[in-house]
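Go by the hints and put chain B onto chain A.
There are 2 protein chains.
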Amino acid sequence: MNIEMIRAAAGRLKGVAVTTPLLSSPFLDEIAGRRVFVKAECLQKTGSFKFRGGWSALSALDDAARARGVIGYSSGNHAQGVALAARAHGAPCVILMPSDAPRVKIDNTRALGAEVVLYDRATGDRDAIGGALAEDRGLTLVKPFDEPLVIAGQGTTGLEIARQAAEAGVDKADLLVPCGGGGLTSGIALACEAEAPGLRVRPVEPEEFDDVARSLVSGRIETNRRKSGSLCDAIITPSPGQLTFPILYRLAGPGIVVAETHVLEAMKLAFERLRIVLEPGGAVALAAALFSRDATGGDAVIAVASGGNVDREVFARALAR
Amino acid sequence: MNIEMIRAAAGRLKGVAVTTPLLSSPFLDEIAGRRVFVKAECLQKTGSFKFRGGWSALSALDDAARARGVIGYSSGNHAQGVALAARAHGAPCVILMPSDAPRVKIDNTRALGAEVVLYDRATGDRDAIGGALAEDRGLTLVKPFDEPLVIAGQGTTGLEIARQAAEAGVDKADLLVPCGGGGLTSGIALACEAEAPGLRVRPVEPEEFDDVARSLVSGRIETNRRKSGSLCDAIITPSPGQLTFPILYRLAGPGIVVAETHVLEAMKLAFERLRIVLEPGGAVALAAALFSRDATGGDAVIAVASGGNVDREVFARALAR
Chain A
0 MNIEMIRAAA GRLKGVAVTT PLLSSPFLDE IAGRRVFVKA ECLQKTGSFK FRGGWSALSA
60 LDDAARARGV IGYSSGNHAQ GVALAARAHG APCVILMPSD APRVKIDNTR ALGAEVVLYD
120 RATGDRDAIG GALAEDRGLT LVKPFDEPLV IAGQGTTGLE IARQAAEAGV DKADLLVPCG
180 GGGLTSGIAL ACEAEAPGLR VRPVEPEEFD DVARSLVSGR IETNRRKSGS LCDAIITPSP
240 GQLTFPILYR LAGPGIVVAE THVLEAMKLA FERLRIVLEP GGAVALAAAL FSRDATGGDA
300 VIAVASGGNV DREVFARALA R
Chain B
0 MNIEMIRAAA GRLKGVAVTT PLLSSPFLDE IAGRRVFVKA ECLQKTGSFK FRGGWSALSA
60 LDDAARARGV IGYSSGNHAQ GVALAARAHG APCVILMPSD APRVKIDNTR ALGAEVVLYD
120 RATGDRDAIG GALAEDRGLT LVKPFDEPLV IAGQGTTGLE IARQAAEAGV DKADLLVPCG
180 GGGLTSGIAL ACEAEAPGLR VRPVEPEEFD DVARSLVSGR IETNRRKSGS LCDAIITPSP
240 GQLTFPILYR LAGPGIVVAE THVLEAMKLA FERLRIVLEP GGAVALAAAL FSRDATGGDA
300 VIAVASGGNV DREVFARALA R
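Chains as they are written, first to last, in numbering that gives the first Met the number 0: chain A, 0 to 320; chain B, 0 to 320.
Bound conformation, chain A alone:
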């Protein structure tokens, strides 16, 4: 895993992914007590950075593998990112989803052309079902984060941030990234190591799902006690990956943990001050930038807003605060 793989992914994504803007507002600067820049990756195709990794993986397949197709496991953003990338490449796409996934996410994934296979989360073995499907049809598995081509795709976000921060006159700042399995965070860390070494990558997680923060402290892969029940459903992966953790340990940290009330407040402020829609998991870094003032230093901070696929009910709850 290296910077050349990220640069190559950027070449494959050129003219395909949205170059998402780096936004700011004097009102947010005021709250944070320093300049705040927000990389609005919620504006990416399919509403999250996951499209970059999906496209990176699909575009690197050889013709035969592409013709056989791909398979992904996801109940959310990875599903849609892979589905759209597969459709654009003319590749069959199977997404294995838990049968209790929100109806709208199942419908959206199907609408993007994927074959959705449902399994029972309580009684089914996801890996066994997926493995059998992949073997039967010769499908290539596109993992959500612990996969070099996927990390390379997510890392292109970091190349853009490096350039945009320099244009904004920022060469030294904490760079806060919502962190689940660590694909986005490790990719951005590798990109910044090469292109913007003054930016220090800080993984951000919700309270009680701080596996990455604890892993960075202990030096080994730690696991969350709870597996579900967070508002930030997009980033509650049980632990960092085998590939991503060594990169995070070398280049990122310390982790920052934020409260759900601050996440909802950040969503409301993103609506009011930046006019972007964030899902809770996509708003944790902005929450840290605004409300974890002592956790970061310097006169500027950059927060990645990683996704915006949020139910209307949850969004209305944030606005009603």
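Please keep in mind that the hints were generated in silico from the structure rather than gathered at the bench.
One thing to keep in mind: the hints can contain errors.
Claimed, not checked - Listed below are the simulated BS3-like cross-link pairs for lysine-lysine, each with C-alpha atoms no more than 25 Å apart in a straight line:
1) A/K267 to B/K267
2) A/K13 to B/K267
3) A/K267 to B/K104
Being a predicted model, the structure only gives us computed values, none of them experimental.
Chain B only, in chain A's frame:
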């Protein structure tokens, strides 16, 4: 008023204004029956394209005029655009607002450093009050649309669209623009005449406030019968301007008129499918792209999403549909 003035404004705005992205979603393409591209100008500083015109005017003042300051009349987006531009130029800024303007808009304009002077809409004479203030202090009036420097600033949106449409492979399409006084629409029309002559500019207005559409039919400046009462408060200027109308008449039309129910539906779809926040006036062009299918032709359509300064209550109403 010519393309060179727009190019010069683009030079002054470089590194200052957000280069807002051209967004798309397969779900919107499906609804419209053709490819839909959305210029997300709601992501501009202060939440609307008005910042471009404000900056264009402020940055062109000589030092003495800048030191004396500027004055603007507005209850909304123009106020904030001028206020932020003035503050960045170190220029005193007076904004004359009706005393019944929404509290949040008054507060925001003050927070951006402007001196807000309130007048009674029923009994006060805005032009007399503003004129006296301007004369007293030597302030330069920054008009909201009928001013070459302002039209030039708004026109930079068109230069970006011309480039972004070409990158997306679109050289022939209807380009739908929310239209109040016509500053944005005429600026974009001039930019496209020079840089993307295959894009046909179509002003879009809400029902009962279709002064521009009627003016383009009759060939002379028509006025709305109603002065208020539209959800689309940002774009219900009574009539097109003396400067903007001749440009619109030469380069734009025919106008398109949309229903408020379609505007609210477009706001909801922009939330769900593009993750951007639109105010009603900023959503009329997207509404036309999605729901006025017979009013436009071709296999692609571009809609400008011109602003996102919306009250939470109005936004919640759109989401609840």
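Evaluation of the provided hints:
Of the supplied pair hints, the one linking A/K267 and B/K267 holds, its CA atoms being roughly 16 Å apart against a limit of 25 Å. Restraint check: the Cα-Cα separation between A/K13 and B/K267 comes to about 29 Å, which exceeds 25 Å; the hinted pair is violated. For the hint pairing A/K267 with B/K104, the CA-to-CA distance comes to about 17 Å; that is within 25 Å, so the pair holds.
Hint 2 alone, counting from the list given before, is not met by this structure.
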